[in-house]
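All chains, full assembly: derive it from the sequences and hints.
Residue strings, one per chain:
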Amino acid sequence: MPDATFKILRGDRSGGELVEYQVPIAPGMVVLDALHYIQGHQAPDLAVRWNCKAGRCGSCSAEVNGRPRLTCKTRLDALPLSEPITVQPMRSFPIIKDLVTDVSWNYRVNKKIPPFTPRSNVEWKMDQSDVDRVQEFRKCIECFLCQNVCHVLRDHDKQEQFGGPRFFVRIAGLEMHPLDDVSRTQLLKAELGIGLCNITKCCTEVCPEDIHITDNAIIPLKERVVDDFYDPVRWFLRKLKGKRAV
Amino acid sequence: MNEKFETHEHDVLIIGAGGAGLRAAIAALGQGASVAVVCKSLLGKAHTVMAEGGIAAAMANVDEADDWRTHFRDTIHGGKFLNNWRMAQIHAQESPERVRELEQWGALFDRTSSGDILQRAFGGHTFKRLCHVGDRTGLEMIRTLQDHGVQLGVDVYMECAITKLLTDGDRVSGAFGYWRETGRFVVFKAKSIVIATGGIGKAWRITSNSWEYTGDGMALAYDAGAELMDMEFVQFHPTGMVWPPGVQGILVTEAVRGEGGVLRNKNGERFMERYDPKNMELSTRDVVARAIYTEAREGRGTEHGGAYLDISHKPAEYVKRKLPSMYHQFRELADVDITAGPMEVGPTCHYMMGGIRVDAETAQASVPGLFAAGEAAAGLHGANRLGGNSLSDLLVFGRRAGLAAGEHAKRSGPVTIDAQQVVVGAKEMLEPFERADGDSPYQIHRDLEETMQNNVGIFRNEDDLKKGLAELARLNERVARMKVEGSRLFNPGWHLARDLKSMLTVSQAVALSALERKESRGAHSRIDFPKYDDFWAKQNNIITRDGNTMRLKQSPVAEMPVELKEIVGG
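Line by line, the protein sequences are chains F and U. So in the numbering used here, spot 179 of the first sequence is number 179, and the numbers just go up one at a time. So in the numbering used here, spot 522 of the second sequence is number 522, and the numbers just go up one at a time.
Some clues are possibly wrong.
[As the list claims (entries may be wrong)] FRET-style restraints, in silico, Cβ to Cβ:
id, chain 1, residue 1, chain 2, residue 2, range
1, F, 119, U, 331, 36 to 44 Å
2, F, 94, U, 561, 38 to 46 Å
3, U, 562, F, 108, 53 to 61 Å
4, F, 42, U, 435, 44 to 52 Å
5, F, 161, U, 64, 49 to 57 Å
To be clear, the hints were calculated from the coordinates, so they are not data collected in a lab. By construction, the Cβ of each residue, glycine as well, lies at the ideal position given by its N, Cα and C atoms.
Written as structure tokens, this is what we have:
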């Protein structure tokens with residue numbers, strides 16, 4: 001089989017450039033296989049994150065020909081091989097080296113979210129139908145591709161005012177948990193800036209787990225925020241008997 | 001060397017952030033300890049996410065007749081009576097509570113029609129016992145533990161690798177390592193250390209394990225004077241992907257068979273009829289792996305040397321619902337629609353039953369202050385692990401290790417760090433940069449994988465094992481001369497160079513133990529000794545360090561109390 005040409009961003013915080021590598025193609029090969037080949041034969045210090053190599057851990061996110069992808073699931077035979085394949089790090093996060101970026105901001109946002117808090121004296125029974133919609137959110141593998149493409153973060157750098165799609169998905173999973181007893185709408189409105197999302201659905205398009213981030217997580221959460229803060233009747237009812245605010 | 005090392009002090013240091021490490025952290029925090037978790041990858045990426053099928057726990061939600069005794073009996077039979085009986089008992093008794101706890105921390109399992117946690121059938125389990133979330137149970141577990149641990153205040157040191165345990169007299173006092181990002185060195189001072197680093201799968205070419213599984217914890221403990229046990233027992237999972245080449249070894253969950261998947265050879269025969277007619281596809285993993293391997297070796301394999309695994313007789317919607325990850329994995333990586341046709345599968349190196357020898361109650365190793373849990377520890381699974389018993393192992397013994405480590409830290413006086421040990425640790429890490437020439441760590445790693453795959457695989461014999469040991473000795477010499485290129489900034493070649501040393505230590509322990517055990521039992525199959533042996537039925541192989549020499553001795557398997565013998569039967 002012929003070789004494929006790769007152009008890979010090599011560099012660190014002080015700058016970088018695209019460097020060309022030739023890789024022999026094997027059947028069914030994915031971009032991560034090519035990166036491993038380059039490490040093993042040409043550039044032993046090429047920095048790449050990966051773990052499971054099966055689309056299950058969300059470590060190997062990068063931008064392949066400008067598209068945010070998991071490199072372990074991006075097949076070479078789905079790319080035009082007449083042109084070089086460019087592989088660059090996720091643009092919304094600061095580069096550390098080559099394809100590795102500093103994603104620590106995500107872990108800081110996650111810490112702000114109040115944990116699952118079950119109602120007291122609850123009987124641990126749930127219907128599968130109630131569990132289903134939450135399980136969709138629990139599929140998230142934290143690849144942070146949604147964070148990477150969200151223009152609030154990517155183009156407007158609102159990291160301090162905005163939580164990003166990943167954490168709206170996580171909060172949706174908690175808010176819609178059949179036995180959860182805490183409201184996170186104040187956090188969503190004030191600290192995580194859900195109002196800044198104008199539902200362009202970029203996040204949904206890149207999700208490798210096919211989570212309907214915008215329709216099933218963000219829009220329902222926006223509605224809850226509106227109910228809690230802008231609808232006086234529902235606000236009052238919720239105060240009387242609804243979820244505890246934190 | 002005058003470099004001033006960054007130092008962190010905690011009561012309990014946990015190495016590894018998979019299920020066992022995180023569960024240990026939660027338990028130690030509950031003891032009021034200051035707890036650090038150190039992990040080589042980002043938090044939440046450990047191999048626990050790859051566990052698919054479920055957590056074995058005798059909750060009796062589906063099969064009312066199930067109880068801890070049956071789970072205990074299944075585990076001992078699966079382990080071919082080589083298990084530490086007390087660990088197997090504790091595991092069977094405590095698993096249900098550990099699962100309920102996960103649910104109370106936010107995990108959402110699939111449900112029965114009455115709203116309880118749903119349980120599925122799995123190989124070697126008498127009853128439907130595996131609590132699960134489709135085929136992504138491990139992800140649910142690690143996310144739940146991660147969020148709970150972070151909320152309780154565990155300090156997580158991500159992308160940090162430990163290369164040396166530090167000792168103060170005969171007890172542990174801390175650990176030395178480096179930040180993967182910057183390459184700078186770091187010292188952790190701690191009264192208790194829990195090893196929860198998982199297995200050694202990256203020493204084989206065909207493996208379900210990621211780059212992290214290089215036997216670090218076992219090698220660190222061995223270097224610090226701890227005993228390793230049962231190292232000959234390496235589980236080859238029967239069903240890994242075999243085609244295309246890039247995905248070879250990636251796990252195909254046993255849940256496919258648990259949900260009714262059947263195995264066939266190229267002639268269309270359900271060949272398990274010839275190997276285990278009673279249990280068929282849900283026989284134990286050692287049996288199914290050998291069966292698939294044998295079919296292929298005798299010319300009845302598929303085009304790419306495996307077997308067909310077929311679930312397409314079930315309704316497509318059901319398959320997509322119960323095995324969504326498998327559906328996507330095959331569709332995207334192999335162009336196979338598993339709702340319409342069979343998968344091609346073959347054995348893949350998956351799990352280490354052996355590991356650090358620990359006390360059943362406290363998970364303490366033979367070095368004071370050192371604890372181990374999960375895949376890095378030995379004893380629970382004996383000669384063969386049942387599917388689903390690893391996730392429950394992580395929870396049950398992760399918790400016990402964390403409790404005991406917290407307790408130990410409370411009781412013990414201050415420890416001191418020996419600066420000389422730190423200097424030695426730093427020197428060892430920098431040496432490969434200073435060599436003008438030498439092999440690349442990647443080349444040595446490829447050769448190690450071939451050596452283990454070809455000589456210490458599913459079927460073993462004396463010639464191959466001796467050849468393997470000789471090759472490992474040569475690889476050790478090459479490692480002593482290997483060269484690393486580039487800087488210390490996030491340099492995977494450098495990281496691999498250090499991991500190779502751990503892999504070689506542990507691989508040697510595996511080959512040595514496999515050569516010694518002159519019988520076939522569980523995952524250890526000797527072509528030259530194909531039967532059970534009465535002597536070996538009652539012996540565990542123990543590996544210890546004597547200076548620079550690896551020693552092997554036997555230790556009798558502890559006798560089970562009469563009341564447990566009655567449960568186990570013949």
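key: Violated hints - listed by number, lowest first   = 2 and 4
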